[in-house]
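Peer 1: Single-letter residue listing:
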Amino acid sequence: MTDRPHLAVIGAGPAGLAATLAAAARGTRVTLIDSAPEAGGQFYRQPATGLRARRPQALHHQWRTWERLRDSLAGHVKAGRVRHLTEHHIWLVEKRLAEGFTVHALLGPEQEDPVTVRADAVLLATGGYEQVLPFPGWTLPGVLTAGGAQAMLKGTLTVPGRTAVVAGTGPLLLPVATGLAAAGVDIAALVESADPRVFLRQSRTLAAHPGKLGEGALYAGQLLRRRTRTLYRHTVVEAHGTDRVEAVTVAALDAEGRVRPGTGRRIPCDTLAVSHGMLAHTDLAESLGCLLDGTHVHVDEEQRTDVPGVWAAGETTGIGGSALALTEGHIAGGSAAARLAGTEPDPEEWATAAKSRTKLRRFAAALDRVYRPPAHWSEQVTDDTVVCRCEEVTAGTVREAVGELGAGDLRTVKLLTRAGMGWCQGRMCGPAVAGLAGCDLTPSRRPFARPVPLGVLARAGEETDQ
Amino acid sequence: MSSPLDLADARPDPAFTVTLDGREIEALPGRTVAAALWEAGVTSWRSTRGEGRPRGIFCGIGVCFDCLVTVNGRPNQRACLVPVAPGDVIRTQEGTGHDD
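Residue numbers (the numbering used here), protein chains in the order written: chain G, 4 to 469; chain Z, 349 to 448.
Note that these hints are calculated values from the structure, not bench results. Fair warning: there could be bad hints in the mix.
To be verified - If you want a taste of the chain Z side facing chain G, the calculated C-beta under 10 Å gives, among others:
hint, residue
1, 376
2, 380
3, 401
A virtual CB, placed ideally from N, CA and C, is assigned to each residue, including glycine.
Chain G with its partners taken away, still in its complex shape (with noise of 0.2 Å):
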C-alpha cells in the first residue's frame, strides 16, 4: 500500500474532489487535505452536521453533481484508497530536494498545533476569494462580501439581517440575492454596476452555453417573481450609519465607468452584501517558485505548472466557476496519476474534459469582459476611507504616498504606509491600493500562507508525519 506513490490533494472543492477522484481512480494513493471541517468547498459549503438539515439541496445548485462527487469520495475513503484530511489549514508546501514535498499544515479552528504530510506529488486546488473595491462605510458591521453572506447561509443556516443590499458586480450577485431572498431575507436591490448591452455584444460565446444561461435565467426569474429591484449600471457610493449600516446610496454610472452627477439615491437596509469579483489563493503555489500568469497560476495543457511534481486546478488556475473547476481538476488528477505511475499520460483519456475546458475558459473569459468593476471607482473613494481595513490605512494616505512620495507599487505603498501589513497580510486591500496606486495587482510573495504561531516556526524541522 506505502509503497504506490502518493499525492497530495490541497483543497476539497470542485476542483480539488474531482483531481482526488480521477487520481485514485488510476490507483494513486490520495491524501485530500482541506481546512473545513466536510468536502465541498465554497461552492459546496454543506450545512454543519450538528444543524441536522434534511433539505441541504434548497441552498445548491448543481445538487447531484454534488452527491456524485461525495458519494465516490466516500467509496474510495471506505476502500483506504483516499484519506481525506479536514480542518487541516496549511501554511507552507516545501519541496525537498531528493524526497518530494512536505506540507505543512495547523489543525483545528484554533490553528496552533502543526503537523505535517509527506507526497511525491502535489496538486494545488486552493480555490479563491472575493475581491471587494472600498467606498466610504464599507467597514461597517453589516457591510459584508456577498460570498461571506453566502458561506454563512449555507454553512450555518444564518442570515446577516432583514433588508439587504446586493451590489458589486459579477455572475455571484444574481444567486447570492435568490438565496438570502429564499432564506427570508427582503432584497432592497440587486446593484449591478455592468453594462447588459456588452451582453449582447458577447451572445456568440454566452449562446454556446445554454446550461450556464438557463442557470442565470432561473435566478433572474427567481428575483422577478419577488419583484426585486434590479438596478443596472448602478454602483453604491457609500454605506450610512455609525455603528452598522443603516442605508446605501446608489447611484447611475455613465458610458465610461463614471458615477452620474445628481443621480444618487438613498436605499434604506440593514445588509450589504457586495464583490467585485474573484481572486485566486496563489500563496502555496508561489513559495513552491511556480511560475503565475498575472495573479492566477500558470499550468500547461495537464494542468501542470512549472514545477515538477507540482499540478494546479480550479479557480487558482484563474476564476472561471465550479464546472470548469472539475474539468480542470478530472485532468490535473489523471495526468498526476499517470505521471507518478512514471507512464506518459495519454490526453485521449481526458479528452471530453478538455474539451469543456476550452469552452468553460472562453465563457469565463467573456464573463470577465463584461462584468467589470466601473473604470472610475477610485473617484468614489474620499481621502478618509479605510483602504486597508487591518491597518486601517485610509486613501489619504495611500494618495500620499503615492502622490508626494512617489511610491509606485504595492511593495513601496505597503513599506510607506502599513497598508496590507495587517493580519490578511493585502488580501482585502492589494486590489484597491493598486487600483489608487495606479499600478497592477502584482503577488505578494507571502512566505506563509496564513498566521503561523513562532513556535510552531521554531519546531518545523522536527516534524511529527501523517
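Mind docking chain Z on chain G? Use the hints.
Peer 2: Just chain Z now, kept in the frame of chain G:
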C-alpha cells in the same frame, strides 16, 4: 419560507447557552461563534486598534480576519471559523485583544 432553518428543513438538537460579555445567549449545535452572535442580533464584536471602530463578519470564510473575537480567554479567534460550544465564554475584543 421565512427562515434559513426552514428552507433547509433543519432539525437541530436543542440550543445551549453561551455568554457574550456575561450576557447569556442561546446557540444551536453546529453553528459558528459568528452565526450564534448573528442569531442573537449582534453584528459587531470587535473594535479596531487605531480608531476603535466596530467590526464583525466581512469575508465569512476566514480570509479577512475582521471578525476576531475572544473565546474562553483566547483572543484573536476568527468567529466565522470557530464552532460554538456549550458554556463558551465569548468576549468582545478591544484592539489587539491582549489588553484586558
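Peer 1: I'd like to know which numbered hints this structure contradicts. Please list them from smallest to largest.
Peer 2: none
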